[in-house]
Amino acid sequence: MDASLDTNVIIHLYKAGFKDVLFNRFEELIVYEYIRTQELKKHAGQDVLEQFDKDVETGRIEIITDQYLRDIGMYVIFKSHVDELRILFDGGDLGEVYAISIAKTLGCVSLVTDDIKERGPHYTLMRIPDSDVMPFAFYELLFLDYMENKIAEAELLSCFNKICDVSDLGMNCKSKLKTFMRRFWQNPYSDSEMEWMEDFCEDNKIKPEKRLRQLYNFLNK
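First residue of the sequence shown? That's 1 in this note's numbering, and the numbers climb one at a time after it.
Be aware that one or more of the hints could be misleading.
What the hints assert, rightly or not - For each label pair, taking beta carbons as the anchor points, the in silico distance ranges come out as:
id, residue 1, residue 2, range
1, E198, Q46, 38 to 46 Å
2, D47, V76, 36 to 44 Å
3, K207, Y68, 38 to 46 Å
4, R60, T179, 27 to 35 Å
5, Y216, K162, 33 to 41 Å
6, Y216, K79, 42 to 50 Å
Said to hold, decoys possible - DSS-like cross-link-like pairs, simulated, lysine-lysine; straight-line CA separation at most 25 Å:
id, residue 1, residue 2
7, K221, K174
8, K207, K221
9, K79, K15
10, K150, K205
11, K162, K205
12, K162, K150
Please keep in mind that the hints were generated in silico from the structure rather than gathered at the bench.
Each residue gets a CB set at the ideal place from its N, CA and C atoms; glycine is no exception.
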């Protein structure tokens, strides 16, 4: 599975030292050049920039430029997506618009973003029927890791709390777990999201109800 990255999730995960949450989940990660040259330069600290640039240099992340899009004949399609999304997000920042537009242009399955505000990319993409890009926040990636037995309950909570503390996010893990469960099982926004989760659980031989109940009980202590 591949993903386009938005500015905020890069900053949050790199600052907290948990960037491997991205590399362990996705086979390919792409970032539009504006996010690196403008958004990260403006909002990320020097340590984050140095780590990010090193991952670009070693090929773990690919920077997508306008010239590359022109070379492969996709620039006009990309600009069309940008124009449509700028209207949809009603004045949302360009970083999130570009992150989604690149995903749609290059056929990325996922967008990773922690911009979960109303009318933001995570909120909006979930509500588009049969959207071709699925959004994930960092905590949803942690829940997926937990479901696959890659991390235990205490490790998940520690990771969640550290990311929130470092970036002053003010989130509650149990509340986000409830939201995650509503999204994919109890009240899904689209059939495609529910089907994606069904396939994920089947492919990984996961019994989600048992596994998530175990996590919920741990968080409820």
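Cross-check of the supplied hints:
1. E198 x Q46: 38 to 46 Å: 44 Å, holds
2. D47 x V76: 36 to 44 Å: For D47 and V76 the Cβ distance comes to about 38 Å; the hint holds.
3. K207 x Y68: 38 to 46 Å: 43 Å, holds
4. R60 x T179: 27 to 35 Å: 29 Å, holds
5. Y216 x K162: 33 to 41 Å: 21 Å, violated
6. Y216 x K79: 42 to 50 Å: Hint holds: Cβ distance 44 Å, inside 42 to 50 Å.
7. K221 x K174: 11 Å, holds
8. K207 x K221: Distance ~22 Å between K207 and K221 Cα, so the pair holds.
9. K79 x K15: 31 Å, violated
10. K150 x K205: This hinted pair holds, its Cα atoms lying about 13 Å apart.
11. K162 x K205: With Cα atoms ~30 Å apart, K162 and K205 exceed 25 Å; violated.
12. K162 x K150: The given pair, whose Cα atoms are some 18 Å apart, holds under the 25 Å limit.
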